[in-house]
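Chains A and B supply the protein sequences, listed in that same order. Take the first sequence: its position 208, counted from the start at 1, is 208 in the numbering used here, and no numbers get skipped. Take the second sequence: its position 30, counted from the start at 1, is 30 in the numbering used here, and no numbers get skipped.
Honestly, the hints are just simulated from the structure, not real lab data. Since this is a predicted model, take the numbers as computed values, not measurements. There's no promise every hint is true.
[Said to hold, decoys possible] Okay, derived cross-link-like pairs now, SDA-like style, lysine to any residue, Cα gap no bigger than 25 Å in a straight line:
(1) A:Lys42 - B:Lys294
(2) A:Lys42 - B:Met237
(3) B:Lys42 - B:Gln201
(4) B:Lys294 - B:Tyr231
(5) B:Lys42 - A:Arg38
[Said to hold, decoys possible] Simulated restraints, written as ranges between beta carbons of each label pair:
(6) B:Arg15 - A:Asn54: 23 to 33 Å
(7) B:Arg59 - A:Ala260: 46 to 56 Å
(8) B:Arg59 - A:Glu17: 54 to 64 Å
(9) B:Pro314 - A:Asp14: 53 to 63 Å
(10) B:Trp305 - A:Asn54: 41 to 51 Å
We put the CB at the ideal spot given by N, CA and C, even for glycine.
There are 2 protein chains.
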Amino acid sequence: MQTLRDIGEFGLIDRLERILPTSPLVVEGIGDDCAVLRFGDKQLLVSSDLFIENVHFRRDWASPIDIGWKAAAAALSDIAAMGGAPLFALTSLACPGDTPTSMIEGIYQGMASALSRFSAVIVGGDTTRVETGITLDVTVIGETVGSRCVTRHGAEAGDRIIVTGNCGASAAGLHSLQHRHAAPELQQSHFRPMPRISEGQWLCRRKGVRAMIDVSDGLLQDLGHIAAFSYLGINIMSESLPVAQALSRYCQDHGCDPHAYILNGGEDYELAFAVAANEADAILDAFHHEFRLKTTQVGIVTDKWLGVRVDAQPIDTAGFDHFKNALSAQGE
Amino acid sequence: MQTLRDIGEFGLIDRLERILPTSPLVVEGIGDDCAVLRFGDKQLLVSSDLFIENVHFRRDWASPIDIGWKAAAAALSDIAAMGGAPLFALTSLACPGDTPTSMIEGIYQGMASALSRFSAVIVGGDTTRVETGITLDVTVIGETVGSRCVTRHGAEAGDRIIVTGNCGASAAGLHSLQHRHAAPELQQSHFRPMPRISEGQWLCRRKGVRAMIDVSDGLLQDLGHIAAFSYLGINIMSESLPVAQALSRYCQDHGCDPHAYILNGGEDYELAFAVAANEADAILDAFHHEFRLKTTQVGIVTDKWLGVRVDAQPIDTAGFDHFKNALSAQGE
Chain A
1 MQTLRDIGEF GLIDRLERIL PTSPLVVEGI GDDCAVLRFG DKQLLVSSDL
51 FIENVHFRRD WASPIDIGWK AAAAALSDIA AMGGAPLFAL TSLACPGDTP
101 TSMIEGIYQG MASALSRFSA VIVGGDTTRV ETGITLDVTV IGETVGSRCV
151 TRHGAEAGDR IIVTGNCGAS AAGLHSLQHR HAAPELQQSH FRPMPRISEG
201 QWLCRRKGVR AMIDVSDGLL QDLGHIAAFS YLGINIMSES LPVAQALSRY
251 CQDHGCDPHA YILNGGEDYE LAFAVAANEA DAILDAFHHE FRLKTTQVGI
301 VTDKWLGVRV DAQPIDTAGF DHFKNALSAQ GE
Chain B
1 MQTLRDIGEF GLIDRLERIL PTSPLVVEGI GDDCAVLRFG DKQLLVSSDL
51 FIENVHFRRD WASPIDIGWK AAAAALSDIA AMGGAPLFAL TSLACPGDTP
101 TSMIEGIYQG MASALSRFSA VIVGGDTTRV ETGITLDVTV IGETVGSRCV
151 TRHGAEAGDR IIVTGNCGAS AAGLHSLQHR HAAPELQQSH FRPMPRISEG
201 QWLCRRKGVR AMIDVSDGLL QDLGHIAAFS YLGINIMSES LPVAQALSRY
251 CQDHGCDPHA YILNGGEDYE LAFAVAANEA DAILDAFHHE FRLKTTQVGI
301 VTDKWLGVRV DAQPIDTAGF DHFKNALSAQ GE
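Make a model of the complete structure from these sequences and hints.
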């Protein structure tokens with residue numbers, strides 16, 4: 001009997017996309033970071049993210065505020081990836097009856113803090129009692145800014161692939177927690193990622209930015225979505241990958257490969273986008289001037305193959321797939 | 001240390017309502033069936049409902065399509081209670097990797113069936129792997145119809161309290177499953193409740209309908225919300241409670257009290273509303289003509305006390321509170 005482990009998370013999404021009905025009000029449905037929906041004179045952006053104890057977080061590592069912050073940041077980041085503005089959130093919580101009230105209040109304060117940085121508020125949700133483990137599901141509702149949003153499709157051969165900030169820090173932070181290594185800076189990246197809402201909106205207004213995604217499952221897998229949705233290939237140049245000082249030092253001290261974290265580590269919530277080569281320099285110069293945030297060209301879009309390669313070599317895209325991975329993300 | 005069991009589900013909601021920030025775009029926030037939100041030239045209605053294995057359903061009793069249907073119906077019913085129209089749904093799913101693909105497809109088909117009866121479609125969500133148990137969270141997004149929606153507040157002393165259809169069948173159906181009694185009609189009510197979307201919209205257009213709620217947690221508890229939000233009392237006349245034939249027969253055969261199911265049983269998803277006494281007859285006549293669905297006056301709004309009484313006697317409101325109940329809803 002075929003199970004979810006056989007077809008994986010993305011196999012399931014593909015299948016659901018085929019069998020489920022849609023509507024003319026749906027501009028972008030199942031499959032992109034957010035759904036884009038016609039509603040009156042505007043367009044809605046909506047996205048949900050599950051955040052589950054011992055899969056996405058551990059109570060002994062993360063504070064209640066950390067847990068809430070990250071649950072909300074993950075959903076906010078989907079809005080950022082479309083270049084939208086978040087407005088509202090619904091937060092569903094399942095937890096055991098003996099959960100301390102102070103812990104739940106901390107989780108809600110963490111969610112509210114992340115949301116309020118971008119002027120979004122919690123407007124409802126659901127609560128229910130379960131035997132074990134805390135489950136959060138955060139739905140963020142936002143709107144498109146200006147006349148368009150940036151999806152995963154639309155990249156063209158020759159486009160440069162750019163990544164904001166640094167990747168891999170969150171995954172290295174998780175490794176340091178699992179192995180009890182001191183790495184406060186990396187752990188901070190793991191616990192308090194900052195969704196790139198303003199940056200996403202700014203990039204969305206530049207026509208040269210043709211496809212965008214947030215790096216939630218690892219650069220290889222997320223760029224794989226841009227390649228697949230655009231029916232093209234992407235070549236990542238490994239020597240160009242940005243290795244932040246904290247990641248470099250941690251990897252030297254503990255014999256790890258920083259590129260593995262950058263390519264396969266998720267939950268950094270940086271933005272990766274394809275930009276027209278002839279407009280890239282002007283756009284990136286203006287971006288640096290606006291945000292004082294570094295960007296790195298990590299690859300190029302090509303029509304020579306389909307999917308993502310590193311240094312033109314086919315790779316086993318080993319990003320995080322919830323159903324295929326044998327180990328829990330937070331397991332040792 | 002204070003836990004969620006001490007303060008209960010509604011204690012938690014009260015507390016969150018006090019500590020969480022809000023926004024001028026929020027017309028109705030935490031606490032009502034749906035949030036009502038300003039968005040462009042329209043108003044959004046949004047609501048989330050968790051639906052969890054061994055709390056809300058059992059895999060050995062319900063088919064995958066039943067599970068999906070009821071998860072969606074519960075969220076749709078919140079839209080019905082505001083008199084709105086559903087448009088979109090986000091469905092989050094956590095389940096073990098060894099879950100058969102056919103089961104998950106069945107659950108999604110059940111959700112899509114319930115939604116498509118009211119022209120709503122699934123537009124996204126999230127999926128993740130957990131060790132045990134299926135968790136669904138359904139967020140329904142809809143819109144207000146016409147110029148207003150009906151909330152829980154607004155009842156006035158002297159208003160009649162009306163309930164559509166029959167209550168108690170779903171809870172009696174659950175009892176029959178727990179005790180292996182044959183009761184196909186009641187079990188059908190338990191597995192495939194029908195949200196009262198069209199009825200809710202119709203009632204919402206009548207100004208005499210001043211407050212409304214869906215009966216999801218039991219008549220006592222749900223009318224308790226109308227009483228509390230309206231700062232008034234409600235007197236339920238026990239002799240007027242509608243006892244459907246299937247419920248009456250089941251209770252006779254198995255020595256149960258039908259009034260207990262009607263007052264405390266949840267998940268019927270009928271509508272309960274307060275209607276101005278001088279307009280009630282005309283509204284109810286027209287309602288019957290439109291829907292061929294019976295309504296029953298079960299009580300009256302009073303300013304003589306606060307909260308719900310039965311035959312003017314104070315009662316222990318024993319409706320379902322997820323954190324306070326010692327037993328799981330689906331447990332034996």
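Results for each hint:
1. The straight-line distance between the Cα atoms of Lys42 of chain A and Lys294 of chain B is roughly 40 Å, outside the 25 Å bound, and the hint therefore fails.
2. Of the pairs offered as hints, the one joining Lys42 of chain A and Met237 of chain B is violated, with about 48 Å between alpha carbons and a cut-off of 25 Å exceeded.
3. At most 25 Å may separate the alpha-carbon atoms for a hinted pair to count; Lys42 of chain B and Gln201 of chain B meet this at roughly 16 Å.
4. For a cut-off of 25 Å, the pair hint linking Lys294 of chain B to Tyr231 of chain B is broken: about 28 Å separates their Cα positions.
5. Using a Cα cut-off of 25 Å, the hinted pair Lys42 of chain B and Arg38 of chain A holds, with the two alpha carbons roughly 12 Å apart.
6. The beta-carbon spacing between Arg15 of chain B and Asn54 of chain A, approximately 26 Å, falls within the hinted interval of 23 to 33 Å.
7. Separated by about 39 Å at the C-beta atoms, Arg59 of chain B and Ala260 of chain A break the suggested range of 46 to 56 Å.
8. For the hinted restraint 54 to 64 Å between Arg59 of chain B and Glu17 of chain A, the CB-CB distance of approximately 25 Å leaves it violated.
9. About 57 Å separates the C-beta atoms of Pro314 of chain B and Asp14 of chain A, a value consistent with the hinted range of 53 to 63 Å.
10. Between Trp305 of chain B and Asn54 of chain A the CB atoms are about 47 Å apart, so this pair conforms to the stated range of 41 to 51 Å.
The structure is inconsistent with the numbered hints 1, 2, 4, 7 and 8, although it conforms to all the rest.
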